[in-house]
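Those sequence lines, one after another, are chains L and A. 309 is the number of the first residue of the first sequence in our numbering; add one for each residue after it. 14 is the number of the first residue of the second sequence in our numbering; add one for each residue after it.
Worth double-checking, as some hints may not be accurate.
To be verified - Quick list of in silico lysine to aspartate or glutamate cross-link-like pairs, EDC-like style, CA-CA up to 20 Å:
1) L/Lys393 - A/Asp223
2) L/Lys388 - L/Glu436
3) L/Lys454 - L/Asp469
4) L/Lys377 - A/Glu265
5) L/Lys328 - L/Asp344
6) L/Lys328 - L/Glu353
7) L/Lys377 - A/Glu214
8) A/Lys57 - A/Glu265
9) L/Lys393 - A/Glu214
10) A/Lys228 - L/Asp469
11) A/Lys228 - L/Glu397
12) L/Lys328 - L/Glu543
13) A/Lys226 - L/Glu397
Claimed, not checked - Partner residues aside, some chain A positions facing chain L, computed with beta carbon under 8 Å:
14) Leu78
15) Asn197
16) Leu198
17) Ser201
18) His203
19) Ala208
20) Asn213
21) Ile215
22) Val222
23) Val224
24) Lys228
To be verified - Label pairs and their computed distance ranges (CB to CB):
25) A/Asn24 - L/Asp344: 52 to 58 Å
26) A/Ile215 - L/Asp469: 23 to 29 Å
27) L/Asn508 - A/Leu275: 34 to 40 Å
28) A/Asp259 - L/Gly362: 20 to 26 Å
29) A/Ile215 - L/Asp344: 22 to 28 Å
30) A/Gly166 - L/Gln335: 54 to 60 Å
31) L/Phe435 - A/Thr161: 37 to 43 Å
32) A/Ile314 - L/Arg443: 41 to 47 Å
33) L/Leu434 - A/Asn24: 56 to 62 Å
Derived from the structure by calculation, the hints contain no laboratory data. Ideal Cβ placement from N, Cα and C applies to all residues, glycine included.
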Amino acid sequence: MADLKKNPFVAEDGREIVLKADHLCIQFGGLKAVDDVNLSIRRGELYGLIGPNGAGKTTVFNLLTGVYKPTSGRFFLCGKDLTGKAPAEINRCGIARTFQNIRLFGNLTVAENVMVGLGNQIPCSLFESMFRLPRHFKAEAEYRKKAMELLEVFHLAEYADHLAQNLPYGKQRKLEIARAMATNPTLLLLDEPAAGMNPNETQELMDVISFIRQRFGITILLIEHDMRLVSGICEQLTVLNFGTELAKGDTASVLNDPNVIKAYIGE
Amino acid sequence: MRHSKSFYIKNYLNYAIILVVLIVFTVLSLTGSAKLSTLLLLEKIAISVILSVSLCMVVGFLGELSLGHAGFMCAGAFLGGKASALLEPVLGNGILTLVISMLVGGFIAALFGVIIGLPALRLRGDYLAIVTLAFGEIIRSLVMNAPTSWFGGTLGLPTPKFNSKYLFIVAFLMVLACLAVTQNLIRSKHGRAIASIRDNEIAARASGVDVTKYKLFVFTVSAFFAGIAGVLYSYTQTRVQSVNFDYNYSIEILVMVVLGGLGSINGSIIAAVLITFLDVELQTLLPGDLAVLQDLFYALILIVIVIYKNAPGLKSFRERYNLRKLLIGRFAAAADAQSSTDSVSGKEEE
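Turn these sequences into a full structure, and let the hints steer you where they fit.
Encoded structure:
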């Protein structure tokens, strides 16, 4: 009987569920790219989403960030229904993301990239900026200060005034995470953060990810192909194949699931 | 926050230069030693600068290709010009009439800016260029085909003339206003948001940037200043004719922005000054039958500039004789040397 009264946004172990996705589906013409995907991610968790190429992982990210609207199904952040909202609004509600192919603001400096991410956290209207009222100068100084603090965390402070497009690849990935963190999210979505990185950079990235978890207490959902990274840091996994869930559960048991091995390696 | 002197020079040198030019010619005009043709040239230059700086906001900073700038100018010229023609008998041909008609022209053009900004939210690149091009032509043909009593039809709308000794002062003040608004906007958090849309719209949305608001805002402000330029233009002519606002003119403004280097306000200003100067001078230099050569020379000069700006072989030459470095570098070096002897100089921050 107790089950009937159970709050759907509290997990069995009593932890809060930050992201809950119920039966997410999206169809492009006749193709079901994502079919009945359910996720429930607890606060502070590092959750992995893996699967072979074309399994629909990035499509799930695009659904969760409002780039696509789901054909059916809903998703909730901390109990708030975000289905069908625009990307900017979802971001302001607390979901930030990075991209598989890096999408920085290349002609802005590193600091400015983070400052765009900081968004409206420090109020200053268009009018105040256009006519250079005192609050503009105060806000600008504050933005710069906050951005530099964040860049320190990611060891990018020395590049603050470089153009983002001139950074080396590994640092661009880090900057993208920094920009996403600047939006002050509850949930961070990382789309293949280690793609194209060498083993050293991957190691450095793993350190950064565990550091920001500690420091900001953030919940992370991550897509990855690098199994070393997945088995090294993810706590829970969902495996997608052809848009459907193949397996889910804690990392060790999922990676040993014969179905998963079959999907990745074949028979 | 303290800034070093070089920071101020880098950011405010353009205001200073425009002010100096304005003061010099005001004195010349008051003492009667400036030729009327020189003053007319100054007016034309000021109009071009307003147009190119305001278009630079759309093309250079928002990253949208707009080919309808002459259309906004047309709306400003005719509706502002009509307002001044109506106001003239009541308020006289003074500064008040000019200011009110500039506001009327500016706001009506801004309204058109909102209307064109709406499709801009859905279209990108070439498609938006086509829509803006068509929009500019629509405004023009609407004005041309309206009843003759409204805008004078093909003959054009007769507009009052302001004292030509002083019109360029008003025009230059509008240049300063346009420059201040654009520059302040770009160098603020809103400017960063606008530039982020240009660099990567998807990432901008994912970072919480309100793309709709900023796109509409930029189109509106840019159209507002195009409208003001239109009213100023109507004052330099005895009759405003819609033929002058065809898409070739939009493209000419775009050329100024592109030649100046996309995303550079000062570049747009310099290009606007040079191109307008060339245009006017070639017209007077080539009398009679030689006038046909005007377009040829104009094209040749443009080609030379484009090659100079882009040829890889000229890279080292360009870097050595970079106008901006030479100009700002010299001022900044002198100022910094002085300030460092004065006291411990403030750290340069933005």
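Hints violated by the structure (listed by number, smallest first): When the structure is compared with the hints, numbers 2, 4, 10, 14, 24, 28, 33 turn out to be violated.
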